[in-house]
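Chains as they are written, first to last, in my numbering: chain A, 1 to 294; chain B, 1 to 294; chain C, 1 to 313; chain D, 1 to 313.
Just so you know, these hints were derived from the structure itself, not from any lab.
We put the CB at the ideal spot given by N, CA and C, even for glycine.
Incorrect hints may have been included.
Where chain B lies over chain C, by a calculated footprint (3+ residues, C-beta under 8 Å) [stated by the list, open to error]:
no.	stretch
1	184-195
2	253-263
3	266-277
Taking CB as the label site, the calculated pair distances span [as the list claims (entries may be wrong)]:
no.	chain 1	residue 1	chain 2	residue 2	range
4	B	PRO34	C	SER40	39 to 47 Å
5	C	LEU86	A	ALA259	41 to 49 Å
6	B	VAL285	D	PRO260	34 to 42 Å
7	B	GLY74	A	ARG3	47 to 55 Å
8	B	GLY237	C	ARG38	34 to 42 Å
9	B	PRO34	C	GLU263	31 to 39 Å
10	C	GLY266	A	ARG3	20 to 28 Å
11	C	GLU247	D	ALA149	52 to 60 Å
12	B	GLY74	D	GLU187	26 to 34 Å
13	C	GLU247	B	ARG10	53 to 61 Å
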Amino acid sequence: MVRVSDEVRRLRKRFEARAEESQIWDAVQLARHPDRPYTLDYAERLFSDAFELRGDRAFSDDEALITMLARYHGQTVVAIGHQKGRDLAERTRRMFGMPHPEGYRKAIRAVELAERFGYPILTFVDTPGAYPGVNAEERGQAGMIARSVLAFCQASVPIVATVIGEGGSGGALAIAVADRVQMQENAIYSVISPEGCAAILWKDAGQAKKAAYAFRPTARACLDLGVIDTIVDEPSGGAHADLDASARLLDTALRLSLAEAEAIAPAHRRALRRAKFRAMGVWGVADEPTNQDF
Amino acid sequence: MVRVSDEVRRLRKRFEARAEESQIWDAVQLARHPDRPYTLDYAERLFSDAFELRGDRAFSDDEALITMLARYHGQTVVAIGHQKGRDLAERTRRMFGMPHPEGYRKAIRAVELAERFGYPILTFVDTPGAYPGVNAEERGQAGMIARSVLAFCQASVPIVATVIGEGGSGGALAIAVADRVQMQENAIYSVISPEGCAAILWKDAGQAKKAAYAFRPTARACLDLGVIDTIVDEPSGGAHADLDASARLLDTALRLSLAEAEAIAPAHRRALRRAKFRAMGVWGVADEPTNQDF
Amino acid sequence: MTPIEVNVERVSGDEGGGRRHPNTCPNCRSHFRDDELRHSLRVCAQCNHHFAVGAMERIEQLLDPGSFVEVGGDLRAADPLAFVDLKPYTDRLLDAELATGLGDSLVAGSGKIVGRPTAVAVMDFAFMGGSMGSVMGERFCLAADLAVARRMPLISVTASGGARMQENILALMQMAKTVGAIDSLREVGVPYISVLAHPTTGGVIASFASLGDVVVAEPGALLSFAGPRVVEQTTGEKTAPDFGRSESNLRLGQLDAVVPRRELRGELAKLLMLFSPAEDEPTGDNEPLPTVGSDDNPIDRVLGMFGLGRKRG
Amino acid sequence: MTPIEVNVERVSGDEGGGRRHPNTCPNCRSHFRDDELRHSLRVCAQCNHHFAVGAMERIEQLLDPGSFVEVGGDLRAADPLAFVDLKPYTDRLLDAELATGLGDSLVAGSGKIVGRPTAVAVMDFAFMGGSMGSVMGERFCLAADLAVARRMPLISVTASGGARMQENILALMQMAKTVGAIDSLREVGVPYISVLAHPTTGGVIASFASLGDVVVAEPGALLSFAGPRVVEQTTGEKTAPDFGRSESNLRLGQLDAVVPRRELRGELAKLLMLFSPAEDEPTGDNEPLPTVGSDDNPIDRVLGMFGLGRKRG
Ligand SMILES: [Zn+2]
Ligand SMILES: [Zn+2]
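Let's have the full structure, built from the sequences with the hints guiding it.
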């Protein structure tokens, strides 16, 4: 017999009760909309000056992930974001926003730079996932994602992450450990794509809609589950309908989240960030405390 | 008119006076002797237990440079050394002790590990130089050597470096910034090989002996110039004549140097190590203080 | 349960697709009684193939007998998303618990190896493909808590197809949570040794399992972020037979060593010794130490300014 | 003076081996008067080739007029090894000083760029191939000292064939010494911007020049540890025409940007601004900030334990 807390029962009920299937699928499609603003679109509108920091100092410059020094409301920040690319040539060059290990190594370098000078870090998450190719694997994709997550854990500077499109799996999380985590209204965040989930659990990638409904990659679900702190409004019709309006809404939320992250004492920031993520997860308690064959 | 200090004049005189040409060339040959003990020969004899730490977590395991956790006189140390290889197969596998950037990245990883746990670092320098190949260049040989030197500068743990054979240029220095630097009696340490120097300055690689005499890569010269702290005796005939005796002599010197390095307050170690290398170099003072066209 | 699980079957040599008995070697087809396999640490006596080892049996193999004390054994997955695919998540959990006798895919606790105390976190692939959900993450963190509290090393043994989709975003967050646990170890200077068993993939290898101060793997284990089938299907690239295997990973700089299972306990004992504080040792042969010489060289005066001397040994 | 120097000649396009006038473009053979070249920042008006720039002229190009103050200008090489090859080192030094008007291959000091104070260290390839010896190292450290003392950034512009063989081991130690200077900048959080000009090779690129918080290069510069000829002669490998060039290095992850000389002062000014402390800015359009909402969700209580709240923007 497993005892499950009232809170979990309430969460379950809420999810069971909501007829939000179409709403979820809308978000999946808006999050992937070809005109959706990307990191550079926001950088242009939010930062008064910017200098792109390129290269991992080891193997290449991975353009699927960009890092920059930028001036945001009068102070210098380090910005880190996936970048999908707009036309086919740019998409190919940027691997559709799917970084190789070099991209994450560049992110780690940017975190170290921010840490050296005490600059806040703003990240913009928008990737289908880390690139799943042979070369990426051979150059240590898994380990580099892990090291990027660790770098974000270890930093003592304020960090705000915003999921602005697709928050796809470990490739997204690698730059999403932050003091405050935001999601745009129609962004999605999940451990696998709806198609991938459907292919495995339903044995049919065509069941993506069903999978999306079952695993709820939406901002609302992430907020309910305690995974994000803030939902950032989008213009009606979605972020792509009005880039300037979308940037203004993001700016408003970002300033507040950054102010909150900055309000945490630097000496406690690392421990509090760790505690924040430690609290994520829900479980019950069994009556038999140990394993059977022990 | 340039005023040069009395000390420099005395140094010059000493070098001019010594008829040590054959002695220098003996050292060059002994330092490169095919039977000369290498890092692993000393590791076997000096350490009671060892666990090799392999790989740079990015691209490969470079066997030209080895790193290990080891127990030395009852305490755990991190050992880092070039490894040339004994027979042709091993030499090829170990690139004759000439690391690629991956080797230096592995060294940096070992320094970070030592720093994390407060373990002293012992390095064994024995390389003709960093590998000068296209791939090594493309993967950032220069930058990785620089970062390795910086890692050694930044460490707060005790570091003792020993040049046990060829201390060849930047590829050697990359693991030779230490609180105490030792050289074995017949080891050499220089900014370029005698052959390379001869090829450039005498336009004839065959003049290597002449070049060696002119630029003095010997332990004695390095001691006189303030570049090393200790000359470690070798068995008569050279280190290869008696590996066990050579290891015992190295052990004796190493224990003392390590004790000295450990005696420095950890909070001051980084600044003192920096100051030690800052003091290296000699110069005069001109009467005209500025440049002509300024 | 995971994209990797399927590939794992393929990699373990079962190309024919036929159902084989778990005690039949997928490599050389030798068959063993269960007590034989248990006795050989589940290594094939004929061809050295390393069979999967359950979490409790792994703990028996590695720890001093009777030294293991579990933490978090009563935690159970809670299905916050009320997740149903072809089968409800709660049913899958029940099946897994009945099949393995475990409450989730990781067993945490503390114990001793050759007398040295250590925290341990051991995964079991048989429990829903060793997938990482809230309970696994919390149990791992409890093991890390023990390590921090008692200043003893943490050893993990992983076998996982990746994150547990049924917990979706909470499963993903276990990557951050477990890496946070590693960060807490680093903050106080407690060593972490990661042992990778077949297969360690997805979210587990992309989080804590890659962050060992020392990382070793069993021979032939598949260690990759994406499994070979995912790579082939997504990118159209062919994968070599040694794709992602331990031996490739060693060559590619991702591992410190490939350690056969028979040597694993011994190597871990050595590492625990190396990571333990310095011991007083008898002062060898008492040869006189060389004295610090003096030298007329002016450099000495400069160095002297910084409290540094030079000597000739 | 250095192994690289020879290759540099080759790379700069002078394949014919004939002696060309220094004001003739090695790329398109256009010829310019010196005042023309000075006016165009020594960039070929026809083909954009970047000619070498002397240290004092570089300082003029980059710093606000009249703002430069030199340090260490009186330091001169002292020939501790009494080094003689085909020619005594002292003679070579005298020739170089007469030819360039400089005391060594690096000029150090402080100045301003668009009003922002900065320490500078600028190399001159014309002085013995921009080789790194004791004076160069000490001057670089003096510039770093200024940066630390006045908490202002350090900018270096390098052009070097590598270490100065005539000082052998002391030249090598300048790598450690200059990296130590970077370490002292990092210790107090002072930014360092490295500008790589043609050519930056050997000990200079393998030490301080690679360690900029930001590293930029001029177009077409040769930036490598070993020059192409050394690589070819030592390993037998062929080098591509773009081997070691700025553009390759950008692609290979070693640079933040390739900056044409005409934009260099502007980009440095921007970086100095970005590295300067926060400014008070007028508070834009004063739109009301969203209020922190409350939520009935239990997770809030858990986060509350850690002083963390959540809101809906
Ligand atoms: Zn078998
Ligand atoms: Zn031209």
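Hints, verified against the model:
With 3 residues bearing a CB less than 8 Å from a CB of chain B, the stretch 184-195 of chain C meets the requirement of three and the coverage assertion stands. Judged by the Cβ-Cβ criterion of 8 Å, the stretch 253-263 of chain C is covered by chain B as claimed, because 5 of its residues qualify and three suffice. Evaluation of the coverage hint for the stretch 266-277 of chain C: fulfilled, as 7 residues show C-beta separations to chain B shorter than 8 Å, against a requirement of three. Remark: the range hint 39 to 47 Å for B/PRO34 to C/SER40 is upheld by a beta-carbon distance near 44 Å.
With their beta carbons about 47 Å apart, C/LEU86 and A/ALA259 fall inside the hinted range of 41 to 49 Å. Take B/VAL285 and D/PRO260: their Cβ atoms lie about 39 Å apart, and the range 34 to 42 Å holds. With their beta carbons about 51 Å apart, B/GLY74 and A/ARG3 fall inside the hinted range of 47 to 55 Å. The supplied range of 34 to 42 Å is broken by B/GLY237 and C/ARG38, whose beta-carbon atoms lie about 57 Å from each other.
Checked against the hint of 31 to 39 Å, the pair B/PRO34 and C/GLU263 passes, with Cβ atoms roughly 33 Å apart. Restraint check, C/GLY266 to A/ARG3: a C-beta distance of roughly 42 Å breaks the suggested window 20 to 28 Å. Judged by the Cβ atoms, the range 52 to 60 Å given for C/GLU247 and D/ALA149 holds: they are separated by roughly 54 Å. A hinted range of 26 to 34 Å for the beta carbons of B/GLY74 and D/GLU187 is consistent with their spacing of about 33 Å.
For C/GLU247 and B/ARG10, the Cβ-Cβ distance of about 59 Å falls inside the hinted range of 53 to 61 Å, so the restraint holds.
The structure fails to meet hints 8 and 10 from the earlier list, while all remaining hints are met.
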